[in-house]
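Undergrad: Using the sequences plus the hints, can you model the full thing?
Residue numbers (the numbering used here), protein chains in the order written: chain A, 26 to 104; chain B, 560 to 796; chain C, 12 to 641; chain D, 116 to 611; chain E, 29 to 141.
Think of the hints as simulated: they come from the structure by calculation, not from any bench. Since we're looking at a predicted model, the values are computed, not measured.
Here are the simulated DSSO-like pairs of lysine-lysine, each with C-alpha atoms no more than 27 Å apart in a straight line: (1) C/422 - C/521; (2) A/48 - E/134; (3) D/558 - C/162; (4) B/716 - D/144.
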Amino acid sequence: MIYISWILIILMLILAVVSIQLKNLIAAVVAMGATSLIISLLFLLLQAPDVAMAEASIGAALTMIIYIIGVRETERSEK
Amino acid sequence: MIRKIVYSIFLATIVLALVMFFAAYPFGKNKMTVGEYYLNNGVAQTGASNIVTSVVVDYRGFDTLGEVSVLFGAAAGVAILFFVLAENRRERKNITSPNFVVKVGSRIIFPFILLFGTYIFIHGHLTPGGGFQGGSIIASGFLLLYLAYPGTRVSRKKLSAVEGLAGLTFVLLGLYGLMLPESSFLFNFLPKGQLNALLSAGILPIIYIAIGFKVAAEFAGIVDDMMCEVICRGGEK
Amino acid sequence: MNMSLELLLATPFIGGLLTYIGGKVHRWVRNIFAVLFSLLTLGEMSLFYNTTFKGDVWGSLFGSKLILQTNPITWLFLLIVTSISLLVIVFSVDDMKHEEDHIVLDSYYMQLLFVEGAMIGIVLAGDLITFFMFWEIMSWTSYFLIVHGGKKSMDAGYKYIIMSIIGAYAMFVAIAMIYSKAHSLVYPDVALVLSQSSPTFTIWIIILLGVGFFVKAAVMPLHTWLPDAHSEAPSPVSPLLSGVLIKMGAYGLFIIFYGLMSANLAKNIMPSIFSTPVLLYIVQWLAALSIVLATFLAIMQEDAKRLLAYSSISQIGYVVLGLATGTSLGVAGGLFHALNHAIFKSLLFLAVGAVIYRTGTRNLSDLGGLVKKMPFTFVALVVGIIALAGVPPLNGFVSKWMIYEALLQKKEVFLLIMAFVGSTGAFLYVYRLVHSIFLGQLSQKHENVKDVPILMQIPMWVLVIATVIYGIFPGLAMDVIVKGMKMFGFAPIAYNLYGFPQGSTMGALKVINIASVLMISFVVAWIFFLLFSKSRKVSQYDNYAAGQVVTPELKYNYSFGFYMSFGRVIKPIFKISIERIYNYWVDAAKIFGDYYMRRVYTGNLETYNSYIVIVVTIAAAAVLLGGKIW
Amino acid sequence: MVNLANPILLIAIPLLFVFLIAFSSAFSKSIAKYLPIFAFGLNVVIAIMIIPDVLKNGLVIATTAGFKPPIAIDMVVDRLSLFLAIIASLLGFVVSIYNVFYIDEEPEEKFYALFTLLVAGVIWMIITGDLFNLFVAFEVTSIAAFGLVGFHRDKGAVEAGFKYLVMGSIGGSFLLVGVIMLYAATGTLNIVDIAQKSAELTFQQKFLAYALIFTGLGIEGALFPLNAWLPDAHPAAPSSVSSILSGIMTTAAIYAIFRITNTIFDYNQIYFFLMFFALLTLIFGEVAAFFQKDIKRMLAYSTIGQTGLFFFAFTLHSTNGLQGAFMQIINHSLSKSMLFLIVGGMIMQVGSRNIDDFAGVGRKMKVSAFFLAVGMFSLMGLPPFFGFWSKLKIIFAALQQTNILMVASVVIILLMSVVEGAYFFKLLQAMFFGKPKQDREIKEASLGMLTAVVVLGLILLFVSFYPTPIIDFTHQAASDLMNKNYINLALKLGGL
Amino acid sequence: MIYYLGSFLLIAIGLYAIIIKKNLIKILIGLNLAASGVNLLIVSIGYIKNGTAPIFSKIGINPSAMVDPIPQALTLTAIVIDASELALAVAFVVLLYRHYGTLDIKKIRSLKW
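TA: Structure, rendered in structure tokens:
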């Protein structure tokens, strides 16, 4: 159980850094969605199924959609 | 460039201080005091098998009331910001209509998503999940409709009616608790029923259903405003 | 019986409100109410004149009682306040009539009565909180009075309110420091605390309170607001300001020097030079400086009201000089001069106000020759300037004489010289006033100028009579002053109704003799003038200058730059003007503040967020470094 | 009969009306306009009915969900929080009357719903007894305020709203981390319970949690480095909203800091550390206000200055200091909200927010100009008004022990009130004695808006001329909070 | 222990993005990351070594083996609050873009001191 969480957390941190540094905003938002998906997996590992479902459906799905609509309305890429 | 380094040093000190604090409370240690009480007699007092739900709705129900009003505030805020007078709404012309597969597929999947969402918030007090999760699943169902049929518009009147009704049931249930001799807000006055039965745990399922409708309506409202922002504003920059 | 003090204090305030409401009803209702209520206050005051009774508590705040009390000294100042306010209100009924349209006169009369009420509150106060409360009410109500005078008066009022707030807050710190030690701010307890506490504490208290009173009494370094405020204020308000308001500063100084600090306390807590404590000595020198410099400035003025304003600064310098001498004669002289100055300065301001009411200008150079047109105002002005210069039969003489005598007895030679320079200077600017307004040729514009209506003349005549009475019978005021000073621990001075008896420290003085001699010589000169036929009656305009006929609009009596030559002598003194220094510091503070504001609230969200992170990092660092925060 | 004197109703009723407005907007647009008035009218009545219990035993605890406090969330109402709740409901009532005449932009029912939510959130923050519930109330208030600040949707409002939102959500995250650290240390979320359980924790362990909570609430409570959003947000919001924002919202956040600092983290160094913040807030607030040309920005900066003042009074850590702080809170919330309402009416008449265009307005709008002068004098602390008593109390408390630092801080305070006097008199002067420049025909604000102003003005005048009940009330409240019987009363009543 | 470290680092990355990045969307991403980090921290505090999810699907499960339910309840609320805040934030960003025409925070400075 320890090793899976190590891998997942490191993956999450990498994805977070990626989502910040990416120039293309859509890709950045997708990376952010991926981090929250991994976080909901971590919640499962922490024996918190309720929160995992909430994080998945709200954090990953709805927030990402709202961000993508936001990006579509403004500029696609940074600078 | 120096700014980046300086700020990273600041953030490093914050992280270090946090680590120092949490060193005294190692990861797996049992830090519960009130938590013990909930685990030991949660089932007896609220009748729900999912203790998290009993904490969310019954013991700390007031937090959830606050949380629901935050969501209401956000939906109202987005509605204010994207408010467009009726007369200068214009349909956006050049929307690429999605191909056939998406249209047919979404029409088939949509009822199943609704079913799945309602299943989750009806069984909130038995299985993991509840009003919030079920509601957001239904909202993503609506999202699917927007993707498949860009022109569709959910009537805002109905949405705010559902929103208002659900909120009213929540608060009125709470106020009814005050009428009783125990006179405390959100008191669980209905019979608890036996464990793991669908109609158990008093007012918990009713509240969670209300929350499910409310969250679904509000997120649908927000997404509808956003999509309307894209469609009916004419999309000009 | 004790209901009276609260009633006396409340009447002006209630009167003010009723006048305001009356104003809504009709103009005359308001005027009548204003005059009625100030008359009522004067009546109440005279009803209890010369009776003293210890404090009756009208409230309590944070553990210290609020007390109203009276003693003869308060009656002296009450007399000044109520009488001058009544005369000013009567004067302004007509004077402000023509400005009915754009100035809101209802609030003007209300503020007049409020200022009167506030000053009564100050004088009656038995403890420092009531004193301070009415002190601040006086500041902001008088601000509203000053600002009624049009655009320039707004800047003058603004400067006045800022300086008086600074002064008030200096007093606030002192009161708070006393409260921290004594928890009760009634005068006797405060005196007790001051006598027990450490010398530095007492000196700090005295300095802070002194700053507050110096600002209001316009002693030299803090006087910059007075010339603008008194000259820009509407004409009936300036007599109230310079006649009465600055006396409150003098009353305050009297209270802290002789009320809070017992007579000998000053001696033993600080070294003394020439037998006066060093603090009082500095005050003496400041007063003397302000006498001399203000007189020089008054001489140079072109505007009548500014001239009178600077003369107020120098005359109040006499009062403060008298108070600071410390001997009973000097203090009595100071108090008496305060009364006299209130009377003749208000008379002068009313006279100049009458001239302005008729001619519309107060610039000395384009007035002239009004003596035939406005005889009564001329007589009033002449009586006022004789009193101001300190010529015997009128009231200015006795009090100045007592101050000189006190300085002589204390062998303060330099101060005496400066006082003399001040009073001789007074002759110069006093003559300037009467010469350029009334003597000389009448200019075209003022052909049809008549004298002021009756309602404006009555206050002037009352004041003229008052100067003569207090001039000839100084005893009237002296018995109140001496009885009051006995309560503050001063040796009594021998005096009688007409002046000072044979053996008194002051040397013999019977003003009635001097007055009668003057009267007789005046009559004799008048008879000579009538008997011996004059050569020929010549009209002022029948003259020539070097062959060129002088037409009526060309006036040959010069009045612009009257003392130009004298001005060149004292020019070097005025290179450093205190006003410029203050403005310099205010502007520097503004630039400094503006610069830092611009850098902190930059409008950039990034910097705002970094502020938040910085605050948390400081806390985190503090925890990491072992949690000792300095 | 159900006893109505239950503090929970103070929050439940406005929330009920929020959802009622949402529900009713589906049918008819116009009734949403009058619902907030009923909501807060009921609130004021209930709050007044609670007064006898609070006076009797110092504290009223209302539990939710039928369980004792540490298990469930409870509402703790002591003297001052009740008084603040009364002021908040009264302001809500008065301003909702004002709103009916002031708001005419289109999404009206959304505005009224958010407005009711805002005041409900403020009352929630004041009386909640549970730490996480405080975070939720903080979020409810902020989200409603974000929406309302952006209500006008013009360039300034949107920028101000966005900045306020970003800073508010950072504050929310820090507050949440702080709350969780306390939960990890003690296992409960009830304030009184945490105070008991965390008593033996060393300073080093608890200080970071306190710093995070302080930052979170400080952003909302307009303390110096954290209040950069306030000068943009308050002017951009509609005047009725900014009167609630300045009047009671910042006060609620500061009151929350008071309660948490006095119950859970009670060290002497903290008060020294906070005094540093308070003085900076005062200085920057007042000096910045002096340079403003826009009248609402000036009032917003003066809010920062006043907050600095009563936060300084709190950091004196003595009963007198607390009493001075409470009196200043009462003075500030009454007069500042009245000022914003008046200025709102005047801007509607004059058409611009620049001070120079306000010349000569005082003559035309007599009643509102009179109450403007009353409010400003009370804020400045000039004698006959309530501000004088509270400033007197604060300075007396500050100079309790005359060491150098205290005298220096008192000098700073008085210098800053001179600056405050400077810019208020500048405005008064232009208002009353300036010549009206432009031709716009200015007439008095409409009757409905005036009733709101007159009600607040009369309360302020009553309190100024008869301050003794308020002084005793605040003295008792200060001694309650000071010598910890907030905790022992809660223990006795709450039965932990 | 890795969970604590992971959540602290996630919060730090979020804050880093908020302060350093110029683009509005990146700031919002930073906000979301910081909020998710805080949620992860809350849940990981409630975890008890080899405890099970706090659901009594069968009668017989003994409560002492269960994980602490309170942090999960708090996280549930916190997630929805952050989501609603960020929805409003995106709305503000869209309006800002329409008024200012740019997403660069440095250019959105019309309200100065």
